[in-house]
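Just need the whole structure built from these sequences, with the hints factored in.
Residue numbers (this note's numbering), protein chains in the order written: chain A, 159 to 592; chain B, 159 to 592; chain C, 159 to 592; chain D, 159 to 592.
None of these hints come from the bench; they were simulated from the model.
In this text the structure is predicted, and so the values were computed from the model without any measurement.
There may be inaccurate statements among the hints.
Below, a list of computed lysine-lysine pairs in the DSS-like style, where the Cα atoms sit at most 30 Å apart [claimed, not checked]:
| # | chain 1 | residue 1 | chain 2 | residue 2 |
| --- | --- | --- | --- | --- |
| 1 | C | 413 | D | 541 |
| 2 | A | 274 | B | 577 |
| 3 | C | 274 | D | 566 |
| 4 | C | 286 | C | 379 |
| 5 | A | 577 | B | 274 |
| 6 | A | 566 | B | 336 |
| 7 | D | 484 | D | 413 |
| 8 | B | 566 | A | 379 |
| 9 | D | 413 | C | 413 |
| 10 | B | 541 | D | 293 |
| 11 | D | 336 | D | 541 |
| 12 | C | 566 | D | 383 |
| 13 | A | 413 | B | 413 |
| 14 | B | 566 | A | 383 |
| 15 | D | 274 | C | 566 |
| 16 | C | 566 | D | 541 |
| 17 | C | 383 | D | 413 |
| 18 | D | 379 | C | 413 |
| 19 | D | 413 | C | 541 |
| 20 | D | 413 | C | 379 |
| 21 | A | 336 | B | 566 |
| 22 | A | 484 | B | 293 |
| 23 | B | 383 | A | 413 |
| 24 | D | 541 | D | 484 |
| 25 | D | 577 | C | 274 |
| 26 | B | 413 | A | 383 |
| 27 | A | 413 | B | 484 |
| 28 | B | 498 | D | 336 |
| 29 | B | 194 | B | 274 |
| 30 | A | 541 | B | 336 |
| 31 | A | 293 | A | 379 |
4 protein chains.
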Amino acid sequence: MTEFFNGIAPIAYEGPDSPNPLAFRHYNPDEIVMGKRMEDHLRFAIAYWHSFAWEGNDPFGGQTFVRPWHPQDRMATARTKADAAFEMFDILGQPYFCWHDADIRPEGDSFAESLKNFEEIIAYFEEKMSIRKVKLLWGTANMFSHRRWMSGASTNPDPDVFAYSAATVKTCMDATMKLGGENYVLWGGREGYETLLNTDMGRELDHMGRFLNMVVDYKHKIGFKGTILVEPKPQEPSKHQYDHDAATCYGFLQKYGLESEVKLNLEQGHAILAGHSFEHEIATAAALGVLGSIDMNRNDYQSGWDTDQFPNNVPEVALAYYHILKDGGFTTGGTNFDAKLRRQSLDAEDLIAAHVGGMDICARGLKAAAAMIEDGGLEDALKERYAGWDSPEAQAMLNSDFDTIFEKVNSGAINPAPKSGRQEMLENYVNRFV
Amino acid sequence: MTEFFNGIAPIAYEGPDSPNPLAFRHYNPDEIVMGKRMEDHLRFAIAYWHSFAWEGNDPFGGQTFVRPWHPQDRMATARTKADAAFEMFDILGQPYFCWHDADIRPEGDSFAESLKNFEEIIAYFEEKMSIRKVKLLWGTANMFSHRRWMSGASTNPDPDVFAYSAATVKTCMDATMKLGGENYVLWGGREGYETLLNTDMGRELDHMGRFLNMVVDYKHKIGFKGTILVEPKPQEPSKHQYDHDAATCYGFLQKYGLESEVKLNLEQGHAILAGHSFEHEIATAAALGVLGSIDMNRNDYQSGWDTDQFPNNVPEVALAYYHILKDGGFTTGGTNFDAKLRRQSLDAEDLIAAHVGGMDICARGLKAAAAMIEDGGLEDALKERYAGWDSPEAQAMLNSDFDTIFEKVNSGAINPAPKSGRQEMLENYVNRFV
Amino acid sequence: MTEFFNGIAPIAYEGPDSPNPLAFRHYNPDEIVMGKRMEDHLRFAIAYWHSFAWEGNDPFGGQTFVRPWHPQDRMATARTKADAAFEMFDILGQPYFCWHDADIRPEGDSFAESLKNFEEIIAYFEEKMSIRKVKLLWGTANMFSHRRWMSGASTNPDPDVFAYSAATVKTCMDATMKLGGENYVLWGGREGYETLLNTDMGRELDHMGRFLNMVVDYKHKIGFKGTILVEPKPQEPSKHQYDHDAATCYGFLQKYGLESEVKLNLEQGHAILAGHSFEHEIATAAALGVLGSIDMNRNDYQSGWDTDQFPNNVPEVALAYYHILKDGGFTTGGTNFDAKLRRQSLDAEDLIAAHVGGMDICARGLKAAAAMIEDGGLEDALKERYAGWDSPEAQAMLNSDFDTIFEKVNSGAINPAPKSGRQEMLENYVNRFV
Amino acid sequence: MTEFFNGIAPIAYEGPDSPNPLAFRHYNPDEIVMGKRMEDHLRFAIAYWHSFAWEGNDPFGGQTFVRPWHPQDRMATARTKADAAFEMFDILGQPYFCWHDADIRPEGDSFAESLKNFEEIIAYFEEKMSIRKVKLLWGTANMFSHRRWMSGASTNPDPDVFAYSAATVKTCMDATMKLGGENYVLWGGREGYETLLNTDMGRELDHMGRFLNMVVDYKHKIGFKGTILVEPKPQEPSKHQYDHDAATCYGFLQKYGLESEVKLNLEQGHAILAGHSFEHEIATAAALGVLGSIDMNRNDYQSGWDTDQFPNNVPEVALAYYHILKDGGFTTGGTNFDAKLRRQSLDAEDLIAAHVGGMDICARGLKAAAAMIEDGGLEDALKERYAGWDSPEAQAMLNSDFDTIFEKVNSGAINPAPKSGRQEMLENYVNRFV
Ligand SMILES: [Co+2]
Ligand SMILES: [Co+2]
Ligand SMILES: [Co+2]
Ligand SMILES: [Co+2]
Ligand SMILES: [Co+2]
Ligand SMILES: [Co+2]
Ligand SMILES: [Co+2]
Ligand SMILES: [Co+2]
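Set out below in structure tokens:
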């Protein structure tokens, strides 16, 4: 017992009218939505990094949080941190969590020592998980914080860093498998460039493609059954990140023969930084067959960096889940809260309330999305709008050629009449559900 | 003679110290740069649309320009417009021009009538070109201005619009071939969506992929030897455009089997709107093997729409040409001024001066780029930075697997030492040339 | 009867469960909110320009709408347009409307002829208003569309344009007063610059300050009892607009001695373009004592231009009304829908549904805001957070000086202890109401 | 001697053709520009924080730099840091430097201990300055890094933090005066809000206004002859910063009666983040009479956070100095390099080269600006464009009223004829000088 969450009881569902800030008002794990338990739809995960490793620093200020597991550079406090984490999992009751290696273990003086630390904590996790239902949604390697990664991991100009990265990911994949993780994620925060002046982009892309192929090979070698996921982000900390957005990643996967082996982990904040809406990124990945999992958070629309705030806008979240449900819902993926407190939110209660609020927002979004799917209004409108394409004539035209089509158009047989796109009516429709 | 450019003599090269606003101070067509005439490097083209079809309208205001070829909805003024255009080509002496069908001919009451108008003007162009050296860099179809395209061209929910688009592109490809055009361009300003709520993205992408395959088939059928180019832009007028940026287009081309048939026409302003630098888009296309041609202009960095201004920043333009030269320079591509006057720049002299200034900026940029290539400083720095990868050991490692690499790293044999990226020194280096 | 809205009956309140797309589900004019009728809180107005004058053009395409009042360059169709407008007012039942002179009358060949046209339409409006309850929220002058304003109105380098602007505003103020308008608005779309290179900013600001003083003088001279409002926008169509945002306008008003004579008309879309949230602009104007009225719409968060869409996000709208209610609610101001259909929304039904949806969103936002005010949770949190400042000691310190304070701090008597800002808990609180 | 800069000799002016990366190619302190030494125009300052206190951290990674003065939390290394700083000043020969208290001294366990540390270092500086020509351009207080400031300094909801801030600024003003500093700067990085939900904006603004009045009172009390400067920035680290941009600050200064006591320190990067060009901010401050000093750097145009890079674009820098020279040039202000290395630029040589490059860029910009002023082309164009306003008739009109003007316009005597704004010709003109 860390006493950090002292006095905070497990969060219960109390219904929409509860004024209790530490109760679920909408997230009711066992409630059936479209024939499935809400928990099994949403598959919530807590991110170890933001909740337990981050100390409140920002680019203009240092640590604001004071935690029982500080300082984090020793094994004893790493265990205290794990104790606190699992206490929070008990309080929130969410089914999953996620980590980077660097979140959970102190860095050692050598690779081997870091690995030893890591494996000890993984064993400690295993023990804790054995008496709880909480599972690992995914593991990942932090290959951006230590100065060795300052110029990238697999795309580093120094082959030694590529090697160090390969060895690191191997150990993280091993640990993920050991803990029964359902996915393995790669986020390439420094796989990109600060300036094109010192960058050989073609060479770096080839190295990154080769690295990802090694990941896939290793997955098969060890028999990992989870999904390999890449998380797009356009920039920050780098000026340009190669995994820019869903469409860019898809082109990359194709180039290196990986589009059937790797899927995407999409984050709301990264979508915004790339100039897209979250539903755009989800719909794009779905259309391209690579939708895997989501990092749920929200980016401030007026801030040009990754704010990783907890989601709080139901209409937006509803559209995200609408596209996820249309794609068939999550399989190995889930809803990971890649979200952090504001650095002024100092208290344990803030950390719990933030997750409770986020889970409620997602529950409301999911229910609204399901209601729209069950009502069918959007899908009907879509069918009607594209109905012309369902005729045999249209399909024949589509499979013909320019000369054939030209003859018909030039003869005057075709003179298209614009029809209303009905955007406002569809927006009003959505507002009936959110 | 339209008298529009009355009194403006052909522009001559007068050298850097000339204070004459209507003289070239840097563009000297016959000057040899890296073994080739400057004109043959830059391959300047004038865009018919901005210089002759646009009337000065913006979203909050109507026509500001008063031109001898107004109103533009009749064949007689279309001919006057052509007269003026070729008079400007004579004044500027640039080797190429470009058009959309809708720039050069009035819309008819039917497809057939529009085509008749178009063909008459193409014949009129042919006549004019027969006595001049000016050539066609590329033709393209305007499939975004008329209300029939309001919901897209090849991605329209109405198959009749797809058909109308196919017939239109066929006629524009025919005309391009007839005039000896060296490329054919597609820009999909409304191939995208206003709202995902009424859009079937997967279906629309498939239609767009099919359409582009038809373009390529037709090219081969008629024996057109030019390059098919797609011009990326992230948005505007649509909320989202499928041809978002170079990397997105590359993914699209791969998905529809077109990456060896189609190249990209990259525009500075579109790069900026997509959150990239121009050199980023060029370097990306080069790395992916799809760099074709450029639309030179500049976007205001503080305006969130496509401002299509004339380029005026030598350091930026130099980096663009640096990456073009590194890729081997243009083959069928060129430097098209997709740039328009500010709507307050009412006079014929403004139109000439704007192009003179743009051509000079490009000439300075090209010379600086060539000097950097000849000096070799950037390339040397690159070679040194990646030198580690040239060793047989590094290549063996790259072709090995996670287990092999892990053994070596875990043994302590590898502990990467960060080296300076030298960004500021490289930036200073560039400033020696611009 | 224009027959344009044929078959669309006046919109009735049918309650939240109604699936009828042409019914109010939340806007119930007579419902009492915080002791006042909902209609009297919201004070909805319809904008003549977007609904009746705009033809669906965008920067890349022409007219998409086909209306009985096209073409708009003659008096007969101006009357048909007015008929349609008042028919829509009858259908929607909103209490107010707004216009620019150029929306309602064709431009004449001279100032005098334009004025004659204008006065005839104003008389036509008067007649229509005499048999209806609909009133004028505000009038304004369009001094940005015609080419004469291309370089600004009151800030034009040509004093003749200043004069033309003064005469124009005089006639619009006269007409506003004649129709019983409750405010007069100025939006300076071209009061700014395209390039600093040709701009004398100090001189232009002085001219604009002088002009606004003339407006205020004229108001007093004619005994207009309404409020003079300035509408901030940061840019577009100009690169920079002097009335950038609320804080900038406040500085301008102070500089020219107008801060007690002029208030602000704040638009959601303009707030977004200026890098602010809508509630920021409202809270800022309220804090500075210059909150007047709002232009309700929404800007697309991913589009860098003014999209003027209908509002559709309740959580955002609720925060806007929260700050308006905290400021005491509207007096002469109101909620003007400065919102337009998407250009693909061709039908009369789209126009009605868009307003119905917008009015419902505002009604939901208002009710949520009122509930938060009545519950008091946010205000209580604020009081608690700043409670330290209410002590006599704190006030004495605030009124002392550096030396006095230094003595106390340096003695060790003061060592501040950070307290949680509770942002997530407050965000969760808001989500109980929206 | 720290040996950190071992082997780097004082930088000499070697002329434009020198390939030496550690030579000035354009900055020649004694060269006369517009009758004044270049050094006296530019008044360069080095920023202690970026060059000596920052360790290479970014939001996703820790320290990359390894310096002899690390760790920085003790007095001995603070002295080593000062040694290195003055060695760099000797190498670069720039006339000024700048600091925050927290850059130069370790934080103590109490206010008094921090002050003791601070005063010891100030004395150490005094000693070093006594044998050198380098002077203090300005001092400032870091009231954003330590957790006590997490909710603001003068705008903190806790009056104890206001008090701590007042005491802190007093000591920094004392030290600035002691060292002969020519200005005192306030930057309010956390004077703003993270969320409006927990913020009383009106109250916070009043506190900030009161605080700034205390600063001015204290200045007069101690007889400090320098200028009080406020540095605008729109956001980051806060979501909103009250000192948003030049125009906002001007409104604030007026509201609290300070517009004749306080001037602005403008930063390129902050201008960009506020959606402005740097020359816009300078021209605005000049037009409002509050231009004080500049923080020269550059923001990446594609990154939405403050990148604080060294300037490297001559055309942009030239326009900045053009407006500074038009305003009469610096008096107490100067050109402070608020610029930091990229975190991959690890070497001492990078630090020197970055400043050399920046100083050269500024020198080129200054010379270009001076040449444009001496040539007079821009000023002549301006005079011609506004010439209409110089007539007695125009001035009489400006001082008349709406009725008088209306009579004249309505009579048909005035019908403005648009004239070209000549933007492109002016842009071309500028390109003759850069
Ligand atoms: Co994430
Ligand atoms: Co993120
Ligand atoms: Co283009
Ligand atoms: Co463009
Ligand atoms: Co408005
Ligand atoms: Co607007
Ligand atoms: Co600064
Ligand atoms: Co900065």
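request  = Identify every previously stated hint that the structure contradicts and give their numbers, smallest first.
outcome  = 10, 11, 16, 22, 28, 29, 30
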